[in-house]
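Protein chains: 2
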Amino acid sequence: MSTPIDFARRERGRFYDELWRFLRIPSVSAKSEHDGDTERAAEWVRSQLEAAGLEAETIPTPGHPVVLGEWSGAGPDAPTILIYGHYDVQPPEPLELWDSPPFEPEIRDGRIYARGSADDKGQLFLHIKALEAHLATRGRLPVNVVVLAEGEEEVGSPNLVPFVKKHRDRLAADAVVISDSAMFAPGLPSLLFSLRGLAYFEIHATGPSTDLHSGAYGGAIRNPANALAKVIGDLHDENGRIAIRGFYDDIVDPSPETIAGFRQLPFDAEAYTGAVGAPPAGGESAYPPLERLWTRPTCDVCGLLSGYTGEGAKTVLPSKAMAKVSFRLVPGQSSERVKELLEAHLARVEPPGVDLELVELHGGRPWLARLEGPLYEAASRALEQSFGAAPVLAGEGGTIPIVVELEEILGASSLLLGFALPGANMHAPNEWFATDCFERGIDTLIRLYDELAAL
Amino acid sequence: MSTPIDFARRERGRFYDELWRFLRIPSVSAKSEHDGDTERAAEWVRSQLEAAGLEAETIPTPGHPVVLGEWSGAGPDAPTILIYGHYDVQPPEPLELWDSPPFEPEIRDGRIYARGSADDKGQLFLHIKALEAHLATRGRLPVNVVVLAEGEEEVGSPNLVPFVKKHRDRLAADAVVISDSAMFAPGLPSLLFSLRGLAYFEIHATGPSTDLHSGAYGGAIRNPANALAKVIGDLHDENGRIAIRGFYDDIVDPSPETIAGFRQLPFDAEAYTGAVGAPPAGGESAYPPLERLWTRPTCDVCGLLSGYTGEGAKTVLPSKAMAKVSFRLVPGQSSERVKELLEAHLARVEPPGVDLELVELHGGRPWLARLEGPLYEAASRALEQSFGAAPVLAGEGGTIPIVVELEEILGASSLLLGFALPGANMHAPNEWFATDCFERGIDTLIRLYDELAAL
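Heads up: the protein sequence lines correspond to chains W and U, in order.
Position 159 of the first sequence, counting from 1, maps to 159 under our numbering, and the rest follow consecutively.
Add 1000 to the 1-based position in the second sequence for our numbering, that's all there is to it.
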């Protein structure tokens, strides 16, 4: 009898063909002119799940639909795994920077180039094919499965939490598996140890009631742009630490073993500098770059605006200035607490003649993996068998708020294992996914379901 | 025989009528759709000078024309006075903030409301009428006169210096008289003691080669917007002093008597705060407000731009940030020297991972009046007779680069006496000029020409 792994290898040509059809659908969730395409992508996922042998349906939301696939033939004593992914993609612009059209997939040098190849259509597709391989060869899955594929991840998942809450019983699971991230390096698979949280604010500085002449008033009136620059500049001390009283107090540090693991990971500063055009010279000087990215909070200006910004020399003393500031948070921190601390900080540093106002725009909680136990052991075995190397634990500097929400609403632990490679241009032109990772990824997930049967 | 003063009082009705016609011409030099109006205003000035009894012509430049009026009947032994003014005006926008249309002059509460009533049509008109009053009653002027009226003052006088150099012989004068500024307070005329200079730069901070995700890169990459804010914030110390090495070294302080005079001038902080919506809380804490405005240099951000400045929370780590910074300079300082000092400063504070670049946009030299001698005594007497109060010496925080240029090219001293009142909205909606100042202004200038005969 053929194994699921054999099946996947034999059917590989067809898998590529199907993936091509998926990638050709321009399901850009941010653009309403693509609403029909996004709907078509949802329907495509539904039909693929059904063809694989799951019961599947497309469920409307106030935005783009959610696709649910279900298979519960493993019985009430077997664990249930929720597989989360998304079928929408980032806008492809700027189009002129693509070497091949974003919605015409093409393999070059072992890479599948297309918008969505890595984020996340390609990775969602791996799961569908792994499920199909099990069902086609054995007529059953080793675990009960719920596939939850949304179409609004790239626009902040505005309808997903209400959906999950509403369908909490149908989505009940023992573990959540998400493939929407990257491996640490080629040949070196990784399991995510953490995601950073987010606290995003605008700081508004207001001085005089209108813009004034910088000659007639400069020296008497306190300039709110200078004042805001001072406030922003003083948010870090000379060692790159964030100089807000109490900011670090709540942090739960990773275990010494986790840190020791991070410190053994290779980090090539020269390659990093070459890739982004700047050295890893930001953040707290007391920590190496990977820890600054994964285990330490940040405070980054995302936008600055004041006065006259056009061509030439307009001598205006602006009446107001604005900064958008994003804090990345680590376990123990919350956007609510950071807001309180920042408000108190601004009250302390507000200079005479300028009012400072804080506006909260967005928050997202940090996530810390529950590393102990069979979920991580199962994933490690599956990855090691498929890639020939044990996975490393890696952090992720970004924020995926839905992970914490799914865990809390469903009472399940999450496993984040992704198969993209660093530099995959997930939100940029020339997004790609390695064919090697595509093939080993399916093998990994086939093995993972087997391993999870013992959960 | 009627005196010039009598004549001016008798003809006042006609003067207002003529001023109304001048103010109705929307000679907005910045807008090409008003080129015809600007030309019409030049022609109007020419015809008024001619009607007053001067020889007058309109001389084309690459931009708007210069109007020259000349009367040399006082003979080679009498002094020659160059009267400088401008017939162009600031754009009137935003129109909705005007209580009456900007080009439909209207008197309310003793104020002539119209664009250009104070800056500078109304004040240029005072000179024309004072000249007319002399010529109409005595058939001569006590001094030789050259009237130089330009149409590009509100766009930076791009063609004036070449014009003055080319016509240096025709413009030769013993003194330059300019009425384009304000009195210190109602009932308290003033003579300008100084103008500040200008050094205007852009500072560009560049980090990574493209905008990056603030989660994926925050903490590793040094954010150029944070870095620029730090640079700007540190340009002042905690006492409001400019923290650039050597910045204050070249300053020539006013005499102790001048300073003592400034310190006797009334300054109503509450009224100031009420007028601009912010207290006089900027600048160097060691100096009182008027000195911070008049005798101390400044460093004001005129514009800030970086990253994402639209609505909502875009988590971008920007690749670059820009600040426009205007320094007002005082006697002894120059934009060239300030550029050198700032360049050296930026080289000292440039952080690893961010490049700082300085771009010079504009410079203008400070001006210091030559206070000794008959020019100022003549003006003082004329003002005291007309306003019943001796003039005070006042500084001006803004920059009028043409003053220094005229003095140098012509070898003459300048007298800046203006008749607008504080709060006249010279570049803002609801610009006004007091009827009392209009009437006393003509009297003052009639007397001034008489006084200058002994120069």
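Keep in mind that the hints were calculated from the coordinates and are not lab data.
Just so you know, not all the hints are guaranteed correct.
As the list claims (entries may be wrong) - Ranges between beta-carbon positions, derived for each pair:
1. W:R24 x U:A1030: 51 to 57 Å
2. U:P1094 x W:H204: 33 to 39 Å
3. W:K31 x U:S1334: 51 to 57 Å
4. U:P1101 x W:P101: 37 to 43 Å
5. W:P101 x U:R1337: 54 to 60 Å
Beta carbons are placed, not taken as given, at the ideal position from N, Cα and C, and that holds for glycine.
How the hints compare with the structure:
Take W:R24 and U:A1030: their Cβ atoms lie about 53 Å apart, and the range 51 to 57 Å holds. Checked against the hint of 33 to 39 Å, the pair U:P1094 and W:H204 fails, with Cβ atoms roughly 22 Å apart. Distance hint for W:K31 and U:S1334: a CB-CB separation of about 54 Å, consistent with the stated range 51 to 57 Å. Take U:P1101 and W:P101: their Cβ atoms lie about 56 Å apart, and the range 37 to 43 Å is violated.
Against the hinted window of 54 to 60 Å, the Cβ-Cβ separation of W:P101 and U:R1337 comes to about 56 Å, which satisfies the hint.
Of the hints listed earlier, those the structure fails to meet are numbers 2, 4, in rising order.
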